[in-house]
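Novice: Residue numbers (numbering that gives the first Met the number 0), protein chains in the order written: chain V, 0 to 93; chain R, 0 to 247.
Note that these hints are calculated values from the structure, not bench results. C-beta: ideal position from N, C-alpha, C; glycine also. Hints may contain errors.
From the structure, some residues in chain R lie toward chain V, with a derived Cβ separation under 7 Å [as the list claims (entries may be wrong)]:
id: 1; residue: Ile-39
id: 2; residue: Ala-46
id: 3; residue: Val-47
id: 4; residue: Ala-54
id: 5; residue: Leu-62
id: 6; residue: Gly-91
id: 7; residue: Phe-103
id: 8; residue: Ile-107
With the Cβ distance kept under 10 Å, some of the chain R side facing chain V (calculated, not the full set) [unchecked claim]:
id: 9; residue: Lys-80
id: 10; residue: Phe-130
id: 11; residue: Met-147
id: 12; residue: Ala-181
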Amino acid sequence: MSTSTKEQLISDDPPLEGDATRKLDEELGSSAKAFFVAPSIKGIATGFFELIPGVPSPSLFRELVSEFFGIFLIVHLGCATVCSAIFTQDIYGM
Amino acid sequence: MKIPLSRCLSFSVYLLTVYNFIFLWDIIQSGGAQSGVWQIAVVWGIAVSIAVGMAGPVSGAHLNPSMTIALSIFRGFPRRKIIWYILAQVFGAFIAACINLLLFAHVIREYEEKNKIVRGQSNSYLSARAFGEYPSIDMGAAFFAETMGTAMLAFVIFALTNPKNETTKKYSPILVPPTIGATVAALLSVLGPLTQCCLNPARDFGPRLLTLIAGWKGVAMQGWWLYILAPTLGALIGAFLADIILYI
Chain V
0 MSTSTKEQLI SDDPPLEGDA TRKLDEELGS SAKAFFVAPS IKGIATGFFE
50 LIPGVPSPSL FRELVSEFFG IFLIVHLGCA TVCSAIFTQD IYGM
Chain R
0 MKIPLSRCLS FSVYLLTVYN FIFLWDIIQS GGAQSGVWQI AVVWGIAVSI
50 AVGMAGPVSG AHLNPSMTIA LSIFRGFPRR KIIWYILAQV FGAFIAACIN
100 LLLFAHVIRE YEEKNKIVRG QSNSYLSARA FGEYPSIDMG AAFFAETMGT
150 AMLAFVIFAL TNPKNETTKK YSPILVPPTI GATVAALLSV LGPLTQCCLN
200 PARDFGPRLL TLIAGWKGVA MQGWWLYILA PTLGALIGAF LADIILYI
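Kindly produce the complete structure, drawing on both the sequences and the hints.
Specialist: Below is the structure:
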């Protein structure tokens, strides 16, 4: 496979069609194609978020995911321990 | 200067660790290590420490709408991001509450049957309090307690993360997440029996939305405004004291 074809597939540009895809099939087979095409799916997702007005940019999206998981962890563990304390009747003081 | 300071800090941590072990041993001996307010406080503290350490490098680990607002006012956090951060925080809390409701569904049902609780009736706050927060003191005192608690938490956070704080900046940045977690645990031990110690509007409002949907109806939203206004006011006071008074 030529380096240019591989680079195009790994990049965030829209996925290749027609000749390039056929060429990749011939040279590497379907499993290798999946390996190289997967990163381009990330590119599609990134482009998708950029296209919709009002939707956070990819860097902000990453920050929001971080906030989501952070508070998820706090509330999941914190409220679960409150649930254990209240509903298993081993609490005193609350 | 650096060597005496680092030695002093190391010795303080050493002493703290020793005293903590003695304290823990006493609790374990008395059989109260895994029950009561302290159990809840310790788990919250650990959870906050982990979350701050995990989210800090990516988003700054606000994890709290009142801190996001305070950071916007005192540290120049972009205002266009505020609404997105708050939505992510409330959504995260909501999903976590959903999972907890699924995990504890059977136990909650048993508790409600045993105590003759019908969801939506006035006494159903007894089971809803595992998700939202309900004060056991009057609203004025609860507002004061929540404001004071969040002010203390914000003061610690803003003081620890202030660029002029040489201790955390140069010598021990790794201490920031556990110190914030320990502050939450200490505050929860004090305020838990009074207001359930919210300190975080997303932590209260996300699970409240779930209880509203899951059958607790009007009871779910009792006093919801207190846990939004008081922490927001408290965070502004704490941030002001740390950034404008302490580290001017």
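Novice: With 10 Å as the cut and Cβ atoms as the points, is Ala-181(R) at the interface with chain V?
Specialist: violated (15 Å)
Novice: How about Val-47(R): closest beta carbon in chain V under 7 Å, or not?
Specialist: holds (6 Å)
Novice: Leu-62(R) was flagged as interface toward chain V. Is the shortest Cβ-Cβ separation under 7 Å?
Specialist: Since chain V brings a Cβ to about 5 Å from Leu-62(R), closer than 7 Å, the hint holds.
Novice: Any CB of chain V closer than 7 Å to the CB of Ile-107(R)?
Specialist: Check passed: Cβ of Ile-107(R) comes within 6 Å of chain V, closer than 7 Å.
Novice: Please check whether Gly-91(R) passes as an interface residue: C-beta within 7 Å of a C-beta belonging to chain V.
Specialist: Since chain V brings a Cβ to about 4 Å from Gly-91(R), closer than 7 Å, the hint holds.
Novice: Tell me if Met-147(R) is really an interface residue toward chain V, meaning its C-beta lies closer than 10 Å to one of theirs.
Specialist: violated (19 Å)
Novice: Given a cut of 7 Å on the nearest C-beta pair, is the interface hint for Phe-103(R) held or broken against chain V?
Specialist: This hint holds: Phe-103(R) lies near chain V, its Cβ roughly 4 Å from the closest one there, short of 7 Å.
Novice: Return the status of the interface hint for Ala-46(R): holds when the least beta-carbon distance to chain V is below 7 Å, violated otherwise.
Specialist: This interface hint holds because 4 Å falls under the 7 Å limit.
Novice: Would the stated hint for Ala-54(R) survive a check requiring a Cβ distance to chain V of less than 7 Å?
Specialist: holds (4 Å)
Novice: For the hint on Ile-39(R), does the least C-beta distance to chain V fall short of 7 Å?
Specialist: This hint holds: Ile-39(R) lies near chain V, its Cβ roughly 5 Å from the closest one there, short of 7 Å.
Novice: Per the CB criterion, is Phe-130(R) less than 10 Å away from chain V?
Specialist: holds (6 Å)
Novice: How about Lys-80(R): closest beta carbon in chain V under 10 Å, or not?
Specialist: Holds, about 6 Å.
Hint check: violations occur at hints 11, 12; the rest are consistent with the structure.
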